[in-house]
Amino acid sequence: MKWTRRDIIKGLGGLPIAGAIWWAGASSSVQSSKERTKLLEQLNIEPSLSKALPPIGGAPVRVGIIGFGIRGEQLCRSLGFATKAWLDNMQKAAEKNPNHSALADFKSQDKLNVSLVAVCDVFDVRAQEVINSFSSEEQPVKRFRTYQEMIRSGEVEAVIIATPDHWHAPMAIDALENNVHVYIEKPMTHTIEETYRLREAAQKSKARLMVGHQHRQTLSFQTAKDVVTKNTLGHISMVQTNTNRNDDNGAWNYAIDKDANEQTIDWEQFLGSAPKIPFNKNHFFRWRKWWAYGSGLSGDLLTHDYDRLNCVLNMGIPKSISASGGIYTHIDGRNVPDVLQANMEFPDFSIGNSQGKGKEKGMTFIYSATLGNSFSRPTILMGHDATMELGNRLTIWPDGGSSKYAKMLEAHTMKPSTPIYQYDPGANVPDAISSATSQYFADKGLMWTYIDGARVDSTFLHLREWLSGIRNGTELSCGIKEGFEEAITAHMTGLSWKLGRRIDWDRETETIKPIENIDFDAVLLGSVLY
Amino acid sequence: MTIPKKTWELKDSIVLLRILIGWHFLYEGIIKLYNPDWTSYGYLASAQGPFKPIFTALTSQTMIGWVDGLNMAALIIVGLTLTLGFFEKTGAFIGMGLLALYYLAHPSFPWLAEVNVEGSYWFVNKNLIELVACLVLFQFPTAQYFGLARLFGDKKKTLNTTTL
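Top line first, the protein sequences correspond to chains A and B. Okay, so the first sequence: first residue is 1 according to the working numbering, each after it adds one. Okay, so the second sequence: first residue is 1001 according to the working numbering, each after it adds one.
Treat the hints with care, since some could be wrong.
Okay, derived cross-link-like pairs now, SDA-like style, lysine to any residue, Cα gap no bigger than 20 angstroms in a straight line [claimed, not checked]:
{"hint": "1", "chain 1": "A", "residue 1": "Lys96", "chain 2": "B", "residue 2": "Ala1133"}
{"hint": "2", "chain 1": "A", "residue 1": "Lys10", "chain 2": "B", "residue 2": "Phe1086"}
{"hint": "3", "chain 1": "A", "residue 1": "Lys2", "chain 2": "B", "residue 2": "Gly1153"}
{"hint": "4", "chain 1": "A", "residue 1": "Lys34", "chain 2": "B", "residue 2": "Pro1036"}
{"hint": "5", "chain 1": "A", "residue 1": "Lys96", "chain 2": "B", "residue 2": "Lys1052"}
{"hint": "6", "chain 1": "B", "residue 1": "Lys1011", "chain 2": "B", "residue 2": "Thr1090"}
{"hint": "7", "chain 1": "A", "residue 1": "Lys96", "chain 2": "B", "residue 2": "Leu1151"}
{"hint": "8", "chain 1": "A", "residue 1": "Lys38", "chain 2": "A", "residue 2": "Pro54"}
{"hint": "9", "chain 1": "B", "residue 1": "Lys1011", "chain 2": "B", "residue 2": "Tyr1145"}
{"hint": "10", "chain 1": "A", "residue 1": "Lys92", "chain 2": "A", "residue 2": "Phe106"}
{"hint": "11", "chain 1": "B", "residue 1": "Lys1052", "chain 2": "A", "residue 2": "Glu95"}
{"hint": "12", "chain 1": "A", "residue 1": "Lys361", "chain 2": "A", "residue 2": "Asp506"}
{"hint": "13", "chain 1": "A", "residue 1": "Lys38", "chain 2": "B", "residue 2": "Pro1036"}
{"hint": "14", "chain 1": "B", "residue 1": "Lys1089", "chain 2": "B", "residue 2": "Leu1151"}
{"hint": "15", "chain 1": "B", "residue 1": "Lys1011", "chain 2": "A", "residue 2": "Ser101"}
{"hint": "16", "chain 1": "A", "residue 1": "Lys10", "chain 2": "B", "residue 2": "Ile1054"}
{"hint": "17", "chain 1": "B", "residue 1": "Lys1052", "chain 2": "A", "residue 2": "Ser101"}
By construction, these hints were calculated from the structure, which means they are not laboratory data. Remember, it's a predicted structure, so these values are computed and weren't measured experimentally.
Given only the sequences and the hints, what does the whole structure look like? Please build it.
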């Protein structure tokens, strides 16, 4: 075969083109991968995976549920017990929409070594639902009329308290004094005085206390802790957290059961320490709207945001709190505010810094909430060197004025508009300097929201940690110290809003600084604004 | 007197088209080959339109590794065959298949929200146009004229397209 010069040129002409493309693609990929590796090494952030707990061995933990309302039902489900009505509804939902995965998620949840043996609820319909759904021949569920009878029955080792706020402390204290383990919903207490009594009871008791801030199990928060500890953000001077809701359920206007009446509800027991008023279904089902039983935004939702950050920053109780707000979106007889801003001062807060001396102390924590708008405002931690957005995912942007990253910013290997780190518990690889595309998909919640193909329920993880604490003596991430800080912060906020003035904390004596002629607990429980 | 030779013919334009499309495929494939973190997960997970369930199923733990590997290999094969000019019909055919999948995962139907696209489209988008361009390459092979096939191909199958 004889090739002419023309044959050679036209035959092999594609080779240099293909070679050039290969080289260009490879070198660009390798270069950006190198830059990313370098940056990641420098940041040295270790995304944490879920903690390995020893198996919960021995006989199943015998648990009683006190309060089977909305949250009580969710807690039971996380424990592995779903009502027949819920299972039917989810089955129907899944048949209608194959992407509805609530039932599949529930079924794929690991089984906990636990028996649900008792229920205490002042509403007959709910108590009966527990008995009907969870009783089996080998393990019938027994109903107790009062929590005291349940705690003293010898039939339960542990109780879950998911009642209105004003019942939290009395029940928890009674259980702990009888060495019955407690899982208690937030806010931990309803008054300042009982917060101290509960702390004492927990410290004296052989039983374990867990406060229901389940987000402590969220993997991104554990990673955030690592980020902050390694001083990636620099000195954090401001934290912003928010609640935005705009629906009936979010404003605590829950459904009223058609079978609710004076015969089916033990009204006296519901009221407990609350002012004696005639039977009122509205108060019974929508108790979160009144200070007599609940604590509104400061106890119900601020506590979540406060504890989320307390688990990352470990900042403790603020030195002072100033709150403002009002009842602006739901003028329906409630006396808790539906718009609330709380500024918490931490003048001594420090995590070290990257700047000169004298620039490393002090932080304001802002909590801003409305029940009249649902635009999603993210949680943001603002440091001298970087900003972190914290949710289920975690994103860090370098700051244009950073001292720590000044050189890289100057060399344009870092840009304030491009995240330097993005973490999602579902991802195999942390995505430093993500592309606009993957950023977009991540923002849409399409990427990495699943771990091993299954959604993981943080309440399940939190309960498992509690059960492991009971059986194996392992550490609890949200015990009495965390609960005490959360409860005091909530009460200080409520007081500040009601009194219209700043409330100060005395760290030495661990008390709220008194104000002349003011009984804090009377203010907290009362419906009057001062 | 000699007849002036036509300097740029249709087949030259088609060679240029073939090389540009090959270029595009090859670069996309190489970028992915050298980036260990690349995955088609996001593109597939956000799929829209009538074939959404199929694309979503591809994102499962067991499938995604295969999907990523096959996609990368196919991109590189198409890129090499079209730039170098050998087995170009196979290359053009695989290219059409890939582009059809890309189009169907995110079809430019007016009743679907446009996800992450530059420009505005009404049924026709760039994937669809490139797909048809591959169809032209498939019907109008040029590797015997410019490409490795000129040196190693079967000379009997001479280019009959010059008579077009």
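Worksheet entry | Satisfaction of hint between proline 1036 (chain B) and lysine 38 (chain A), Cα-Cα up to 20 angstroms | holds (15 angstroms)
Practice prompt. Sort out whether leucine 1151 (chain B) lies within 20 angstroms of lysine 1089 (chain B), counting only the CA atoms.
Written response: Holds, because 17 angstroms separates the two Cα atoms, which is no more than 20 angstroms.
Worksheet item: Holds or violated: lysine 2 (chain A) with glycine 1153 (chain B), Cα cutoff 20 angstroms?
Response: Holds: lysine 2 (chain A) and glycine 1153 (chain B) sit about 13 angstroms apart, inside 20 angstroms.
Worksheet entry | Agreement of lysine 1052 (chain B) and glutamate 95 (chain A) with the hint, judged by alpha carbon distance not exceeding 20 angstroms | Holds, at about 18 angstroms.
Practice prompt. Given the hint that lysine 10 (chain A) pairs with isoleucine 1054 (chain B), test it: the Cα-Cα distance must not exceed 20 angstroms.
Written response: Roughly 43 angstroms between the alpha carbons, so the hint for lysine 10 (chain A) and isoleucine 1054 (chain B) is violated.
Worksheet item: Do the alpha carbons of lysine 361 (chain A) and aspartate 506 (chain A) lie within 20 angstroms of each other, as the hint requires?
Response: Holds, at about 19 angstroms.
Item to complete: Assess, step by step, whether the Cα of lysine 1052 (chain B) is no farther than 20 angstroms from the Cα of serine 101 (chain A), and give holds or violated.
Response: holds (17 angstroms)
Discussion item. Given the hinted pair lysine 1011 (chain B) and tyrosine 1145 (chain B), is their Cα-Cα distance within 20 angstroms?
Written reply: Holds, at roughly 8 angstroms.
Discussion item. Lysine 1011 (chain B) and threonine 1090 (chain B) were given as a pair; does the straight-line alpha-carbon distance stay at or below 20 angstroms?
Written reply: holds (19 angstroms)
Discussion item. For lysine 92 (chain A) and phenylalanine 106 (chain A), compute the direct alpha-carbon distance and say whether it is at most 20 angstroms.
Written reply: Holds, because 15 angstroms separates the two Cα atoms, which is no more than 20 angstroms.
Item to complete: Please work out if lysine 10 (chain A) and phenylalanine 1086 (chain B) have their alpha carbons no farther apart than 20 angstroms.
Response: Roughly 12 angstroms separates the two Cα atoms, so the pair holds.
Discussion item. Check the hint pairing lysine 1011 (chain B) with serine 101 (chain A) against an upper bound of 20 angstroms on the C-alpha distance.
Written reply: Measuring from Cα to Cα gives roughly 55 angstroms; hence the hint is violated.
The structure shown violates the earlier hints numbered 1, 7, 8, 15, 16.
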